[in-house]
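**Student:** Residue-level listing of the chains:
2 protein chains.
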Amino acid sequence: MPPASKSLLKGNAAIGQSGGPTAVINQSLVGVIEGLKGFSAVKKIYGMRHGVSGLTQTPAQLVEVGKLSPGRLKAIAESPAAALGSSRDKPDAAYCARIVESCKAADIRYFFYIGGNDSSDTCRIVNEIANAGGYAMRCFHVPKTVDNDLMQSDHTPGFPSAARFVATAFMADSLDNASLPGVKINVVMGRHAGFLTAASALARLRGGDKPADGAGPHLIYLPEVPFDTDRFVADVQAVYDRLGRCQVAVSEGIQNKDGKPIAETLIQGLERDAHGNIQLSGVGGLGDALSDLVKKRVKRKDGKAPRVRGDTFGYLQRCWPDPSPIDAKEARGVGKFAARLARDGHVSGSVAIVRVSDKPYKSAFKRIELTDVAAKTRHMPAEFISGSNDVSAAAIRYLKPLVGKLPSLTSL
Amino acid sequence: MPPASKSLLKGNAAIGQSGGPTAVINQSLVGVIEGLKGFSAVKKIYGMRHGVSGLTQTPAQLVEVGKLSPGRLKAIAESPAAALGSSRDKPDAAYCARIVESCKAADIRYFFYIGGNDSSDTCRIVNEIANAGGYAMRCFHVPKTVDNDLMQSDHTPGFPSAARFVATAFMADSLDNASLPGVKINVVMGRHAGFLTAASALARLRGGDKPADGAGPHLIYLPEVPFDTDRFVADVQAVYDRLGRCQVAVSEGIQNKDGKPIAETLIQGLERDAHGNIQLSGVGGLGDALSDLVKKRVKRKDGKAPRVRGDTFGYLQRCWPDPSPIDAKEARGVGKFAARLARDGHVSGSVAIVRVSDKPYKSAFKRIELTDVAAKTRHMPAEFISGSNDVSAAAIRYLKPLVGKLPSLTSL
Numbered sequence: 010m011p012p013a014s015k016s017l018l019k020g021n022a023a024i025g026q027s028g029g030p031t032a033v034i035n036q037s038l039v040g041v042i043e044g045l046k047g048f049s050a051v052k053k054i055y056g057m058r059h060g061v062s063g064l065t066q067t068p069a070q071l072v073e074v075g076k077l078s079p080g081r082l083k084a085i086a087e088s089p090a091a092a093l094g095s096s097r098d099k100p101d102a103a104y105c106a107r108i109v110e111s112c113k114a115a116d117i118r119y120f121f122y123i124g125g126n127d128s129s130d131t132c133r134i135v136n137e138i139a140n141a142g143g144y145a146m147r148c149f150h151v152p153k154t155v156d157n158d159l160m161q162s163d164h165t166p167g168f169p170s171a172a173r174f175v176a177t178a179f180m181a182d183s184l185d186n187a188s189l190p191g192v193k194i195n196v197v198m199g200r201h202a203g204f205l206t207a208a209s210a211l212a213r214l215r216g217g218d219k220p221a222d223g224a225g226p227h228l229i230y231l232p233e234v235p236f237d238t239d240r241f242v243a244d245v246q247a248v249y250d251r252l253g254r255c256q257v258a259v260s261e262g263i264q265n266k267d268g269k270p271i272a273e274t275l276i277q278g279l280e281r282d283a284h285g286n287i288q289l290s291g292v293g294g295l296g297d298a299l300s301d302l303v304k305k306r307v308k309r310k311d312g313k314a315p316r317v318r319g320d321t322f323g324y325l326q327r328c329w330p331d332p333s334p335i336d337a338k339e340a341r342g343v344g345k346f347a348a349r350l351a352r353d354g355h356v357s358g359s360v361a362i363v364r365v366s367d368k369p370y371k372s373a374f375k376r377i378e379l380t381d382v383a384a385k386t387r388h389m390p391a392e393f394i395s396g397s398n399d400v401s402a403a404a405i406r407y408l409k410p411l412v413g414k415l416p417s418l419t420s421l
Numbered sequence: 010m011p012p013a014s015k016s017l018l019k020g021n022a023a024i025g026q027s028g029g030p031t032a033v034i035n036q037s038l039v040g041v042i043e044g045l046k047g048f049s050a051v052k053k054i055y056g057m058r059h060g061v062s063g064l065t066q067t068p069a070q071l072v073e074v075g076k077l078s079p080g081r082l083k084a085i086a087e088s089p090a091a092a093l094g095s096s097r098d099k100p101d102a103a104y105c106a107r108i109v110e111s112c113k114a115a116d117i118r119y120f121f122y123i124g125g126n127d128s129s130d131t132c133r134i135v136n137e138i139a140n141a142g143g144y145a146m147r148c149f150h151v152p153k154t155v156d157n158d159l160m161q162s163d164h165t166p167g168f169p170s171a172a173r174f175v176a177t178a179f180m181a182d183s184l185d186n187a188s189l190p191g192v193k194i195n196v197v198m199g200r201h202a203g204f205l206t207a208a209s210a211l212a213r214l215r216g217g218d219k220p221a222d223g224a225g226p227h228l229i230y231l232p233e234v235p236f237d238t239d240r241f242v243a244d245v246q247a248v249y250d251r252l253g254r255c256q257v258a259v260s261e262g263i264q265n266k267d268g269k270p271i272a273e274t275l276i277q278g279l280e281r282d283a284h285g286n287i288q289l290s291g292v293g294g295l296g297d298a299l300s301d302l303v304k305k306r307v308k309r310k311d312g313k314a315p316r317v318r319g320d321t322f323g324y325l326q327r328c329w330p331d332p333s334p335i336d337a338k339e340a341r342g343v344g345k346f347a348a349r350l351a352r353d354g355h356v357s358g359s360v361a362i363v364r365v366s367d368k369p370y371k372s373a374f375k376r377i378e379l380t381d382v383a384a385k386t387r388h389m390p391a392e393f394i395s396g397s398n399d400v401s402a403a404a405i406r407y408l409k410p411l412v413g414k415l416p417s418l419t420s421l
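So the sequences go chain by chain: A and B.
Under the working numbering, the first residue of the first sequence is numbered 10, with each subsequent residue one higher.
Under the working numbering, the first residue of the second sequence is numbered 10, with each subsequent residue one higher.
Derived from the structure by calculation, the hints contain no laboratory data.
With a cut-off of at most 27 Å between alpha-carbon atoms, the simulated DSSO-like pairs for lysine-lysine come out as follows: (1) Lys219/B - Lys76/A; (2) Lys414/A - Lys338/B; (3) Lys414/B - Lys83/A; (4) Lys308/A - Lys99/B; (5) Lys219/B - Lys409/B; (6) Lys310/A - Lys99/B; (7) Lys338/A - Lys414/B; (8) Lys83/B - Lys414/A; (9) Lys83/B - Lys219/A; (10) Lys338/B - Lys53/B; (11) Lys414/A - Lys414/B; (12) Lys338/A - Lys375/A; (13) Lys19/A - Lys375/A; (14) Lys99/B - Lys304/A; (15) Lys304/B - Lys99/A; (16) Lys83/A - Lys409/B.
Far from chain A, by Cβ distances over 10 Å, these chain B residues were calculated: (17) Lys269; (18) Ala337; (19) His355.
Note that the Cβ used here is the ideal one computed from N, Cα and C, for glycine as well.
Modelling step: build the complete structure from the supplied sequences, incorporating the hints.
**Tutor:** Set out below in structure tokens:
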């Protein structure tokens, strides 16, 4: 750890939540608040309404959160989605200069931003602009993303709960698919990183330690592996010939060998967001397009098309109110740890989760530089990928402890 | 109750599961098995693999389920989806004659069929053909459907658990929508009856007794109320103007004033099933089409289109492995009750759930005739509907006790 500054700045603190909400992002909010309690250098603790978007309004949209009762904090911590409101803004230098101005006006000296790699980049720029302008201010990034795509972290808060939802959904849906056999395609969130789609593989365990016979998903397509339409059709045909059914996990971010999203090659008229990304969640298009492909090209033994259905799990994945207990605890912990960095006199930083052991599962937090994580994307490591349509045993070992106990399900 | 036959037929029993699976259909399977235990007239208890489709194969696809251990039965009962496999076949008279032949061949004298109104119709026809042909056989229908559309029942097994999923999903999604405000359209199962879509209204309570301020869903569209595209756009605009966001619950079965499904009027090339019904679940089309409509016609104050997302809950609704405790208990109960009808010498019948009291919630089972329920559809009663885009307080009173305790969620 780099040496901490000796001087403790006196002033207010502000906490913001950014990007897609998660089932445990409020744990991190409450973690920062708890971590700042009794820190005499901090006068008021503000929450930013809708992140930097609310902070930079006139007047600044701030709400005092330092005096909320323990009971109220507990209720907020246990509720999904961003209790303060979130923001999709991706601040550039000019925007960040306005953030610094708003902080000056409200005497905010401690800036905590809970979010993904874009949010850590906001922290980095705000920190640089404040430093360059001579405004003493300390910026801390608190990690959060269901995509699990932050550098330096074993995993990110929010991911284990979303992975728990995905694994549970695939488990129940595989039994559904066995009840009424056909091809079932489920589209999972994850624009660039396949971790969440990989979590579908836990469904094969059906709450136990070993894969259940014939349990889905039978095919898993990740954004890290170039998607080939012909190979996909052949894969589905092979599983269908063998089992009379096929459950498929597809990441919304699958790309062809040229890096072009399959959603884009198969569907017209997709919306783009402020970051220039095409809209992948909150639309059923990719699932429907892949279903159409299977209906047209996969055949039953009698030559007819199989029964094909496509579901897009959508936003339920990220905020389902049954979080992984480990995730809830760690999300609280990273918030507290960030507050601790401030108390210890650090001038900036982000927090990473380190896995200490697998059995029993144990993790720790460490300070990393904002530049270690800002605007970078972590992908599934190669050792987690198996061939063109599956994940490895190493991926399952990595994922299993994170999601908590899943229901034990069976069939005849 | 009509007088029961004095004579008890000796022979085997067979149990089948039909139609879309649910979270608790295996409770009913185990209920019938348990109810037949110690009934000396029954020699073997068979399960039909994939319902009448497996029964009528040569050889008949039957599995003995009467000797499964209590531990195994418990594990099966607590697992979602049809453990025996289900069937989408809709038998006509000729098919039912083959069913009777298969029963004769396996000495099946007690025929239990767990399913919805199509399944009760199968029971009715099989019963008539067996009677007319002089084969002594007794047919019992065990109710099951997430659509809640069976006549004579206060509600149907499977519905409360699906309603629990829908209410939970809307609750979390409304907090998500408040985090990142926009228009969010969620499409819910229910081709003809709006009960499941209506259950979204429970989300407004956020696990408590009174509606939370601003909690969604803000608009609810049922198949029982003719859907008007222009009115829908105006409704969304009005909520958006007021709250800066809007969460919408839409039944997959919404129809225009001429009874034509909106899915059909908005989307091309929909698949039809063996019953001539268009495919509504397992496609994202309706949600995407309604989202496009809102993007084109609803305006923010600055004249731009709002952020719009559409999710189709899909198959997760029916098999999510967190059933309503009341539903699990009642689903087991209707199975046992059907077995009891056989033991008491009834020659046929179906089971209805009667609500005895609301506080505390109490229900009872009663025998009804197969003809009371066969091939009929129950709709939402008029008193459960409020205007063109909501449900009534009576609907919420009806729904609330069924779903069990929901998580208590909050926001700042």
